[in-house]
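These are the residues of each chain, in order.
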Amino acid sequence: MNDVNEIKTLIENNEVCLFMKGTPDSPQCGFSMTVSNILKHLNINFKGINVLENEELRKNIKIFSDWPTIPQLYIKGEFVGGCDIIKELFDKGELKNLLLK
Amino acid sequence: MALSIKEIKNLITASIPDAEIEIKDLMGDNNHYSAKISSKVFNGLSKIEQHKLVYKSLNGKMGKELHALSIETESK
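Residue numbers (the working numbering), protein chains in the order written: chain A, 54 to 154; chain B, 2 to 77.
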């Protein structure tokens, strides 16, 4: 239960929250790097949460989002998607709009 | 334990029978794939819901036996 609260606190306190492998400055996986770079490219401030530092969180975020892979992006408390969806939204120019809503 | 293209196709088809599937082995290592999938079941669903259906069809193998599968879904 505490674990769910930890995740809720993270996504409520950070408008853009990326659960990733590694950190924004040093991603440890190509998919995490892609999403992190897209956000940087769009000058979007985000909080990167390194799931490799917390095995419990790594497991629980997958259950919480009902999504089996990392990275996972949350904007304004809502799950937006993993790497493929973020790339698609970026290509269509729709990612930034999610922040303006 | 890696999955072959055929195994991935069979898993997806088992739960999404009308799926048209195109899979590429991106690095030739049976471990990094991309899949383009189109099906009527995606109609009216969000991208997240569409991808979840594909993940569900893989019976929990995603992120385990199957390390990397990039997914592109399309309704038809």
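Hints may contain errors.
As the list claims (entries may be wrong) - Taking lysine to aspartate or glutamate pairs in the DMTMM-like style, the calculated list, with each CA pair at most 20 Å apart, reads:
| hint | chain 1 | residue 1 | chain 2 | residue 2 |
| --- | --- | --- | --- | --- |
| 1 | B | K65 | A | E147 |
| 2 | A | K115 | A | D144 |
| 3 | B | K57 | A | D119 |
| 4 | A | K115 | B | E23 |
| 5 | B | K48 | A | E109 |
| 6 | A | K140 | B | E66 |
| 7 | B | K62 | A | E108 |
| 8 | A | K140 | B | E50 |
| 9 | B | K7 | B | E50 |
| 10 | B | K48 | A | E147 |
| 11 | A | K74 | B | E66 |
| 12 | B | K37 | A | E141 |
| 13 | B | K62 | A | E68 |
| 14 | B | K53 | A | E131 |
| 15 | B | K53 | B | E73 |
| 16 | A | K145 | B | E66 |
| 17 | A | K93 | A | E141 |
| 18 | A | K140 | B | D19 |
| 19 | B | K53 | A | E68 |
| 20 | B | K25 | A | D119 |
| 21 | A | K112 | B | E73 |
| 22 | A | K129 | B | E50 |
| 23 | B | K53 | A | E141 |
| 24 | B | K77 | B | E23 |
| 25 | B | K65 | A | E141 |
| 26 | B | K48 | A | E141 |
| 27 | B | K77 | A | E141 |
| 28 | A | K115 | B | E75 |
| 29 | B | K41 | B | D26 |
| 30 | B | K37 | A | E108 |
| 31 | A | K93 | A | D119 |
| 32 | A | K145 | B | E50 |
| 33 | A | K145 | B | E75 |
| 34 | B | K48 | B | D30 |
| 35 | B | K48 | A | D56 |
| 36 | B | K48 | A | E131 |
| 37 | B | K65 | A | E109 |
In case anyone wonders, no lab produced these hints; they're calculated from the structure.
Status of the hints after comparison with the structure:
{"no.": "1", "hint": "K65/B / E147/A", "verdict": "violated, 31 Å"}
{"no.": "2", "hint": "K115/A / D144/A", "verdict": "violated, 25 Å"}
{"no.": "3", "hint": "K57/B / D119/A", "verdict": "holds, 10 Å"}
{"no.": "4", "hint": "K115/A / E23/B", "verdict": "violated, 26 Å"}
{"no.": "5", "hint": "K48/B / E109/A", "verdict": "violated, 27 Å"}
{"no.": "6", "hint": "K140/A / E66/B", "verdict": "violated, 24 Å"}
{"no.": "7", "hint": "K62/B / E108/A", "verdict": "holds, 19 Å"}
{"no.": "8", "hint": "K140/A / E50/B", "verdict": "holds, 16 Å"}
{"no.": "9", "hint": "K7/B / E50/B", "verdict": "violated, 24 Å"}
{"no.": "10", "hint": "K48/B / E147/A", "verdict": "holds, 13 Å"}
{"no.": "11", "hint": "K74/A / E66/B", "verdict": "holds, 18 Å"}
{"no.": "12", "hint": "K37/B / E141/A", "verdict": "holds, 13 Å"}
{"no.": "13", "hint": "K62/B / E68/A", "verdict": "violated, 31 Å"}
{"no.": "14", "hint": "K53/B / E131/A", "verdict": "holds, 16 Å"}
{"no.": "15", "hint": "K53/B / E73/B", "verdict": "holds, 12 Å"}
{"no.": "16", "hint": "K145/A / E66/B", "verdict": "violated, 32 Å"}
{"no.": "17", "hint": "K93/A / E141/A", "verdict": "holds, 16 Å"}
{"no.": "18", "hint": "K140/A / D19/B", "verdict": "violated, 26 Å"}
{"no.": "19", "hint": "K53/B / E68/A", "verdict": "violated, 24 Å"}
{"no.": "20", "hint": "K25/B / D119/A", "verdict": "violated, 25 Å"}
{"no.": "21", "hint": "K112/A / E73/B", "verdict": "violated, 25 Å"}
{"no.": "22", "hint": "K129/A / E50/B", "verdict": "holds, 19 Å"}
{"no.": "23", "hint": "K53/B / E141/A", "verdict": "holds, 16 Å"}
{"no.": "24", "hint": "K77/B / E23/B", "verdict": "holds, 15 Å"}
{"no.": "25", "hint": "K65/B / E141/A", "verdict": "violated, 25 Å"}
{"no.": "26", "hint": "K48/B / E141/A", "verdict": "holds, 10 Å"}
{"no.": "27", "hint": "K77/B / E141/A", "verdict": "holds, 18 Å"}
{"no.": "28", "hint": "K115/A / E75/B", "verdict": "violated, 24 Å"}
{"no.": "29", "hint": "K41/B / D26/B", "verdict": "violated, 25 Å"}
{"no.": "30", "hint": "K37/B / E108/A", "verdict": "violated, 31 Å"}
{"no.": "31", "hint": "K93/A / D119/A", "verdict": "violated, 26 Å"}
{"no.": "32", "hint": "K145/A / E50/B", "verdict": "holds, 19 Å"}
{"no.": "33", "hint": "K145/A / E75/B", "verdict": "holds, 15 Å"}
{"no.": "34", "hint": "K48/B / D30/B", "verdict": "violated, 28 Å"}
{"no.": "35", "hint": "K48/B / D56/A", "verdict": "violated, 27 Å"}
{"no.": "36", "hint": "K48/B / E131/A", "verdict": "holds, 14 Å"}
{"no.": "37", "hint": "K65/B / E109/A", "verdict": "holds, 17 Å"}
The earlier numbered hints that this structure contradicts are 1, 2, 4, 5, 6, 9, 13, 16, 18, 19, 20, 21, 25, 28, 29, 30, 31, 34, 35.
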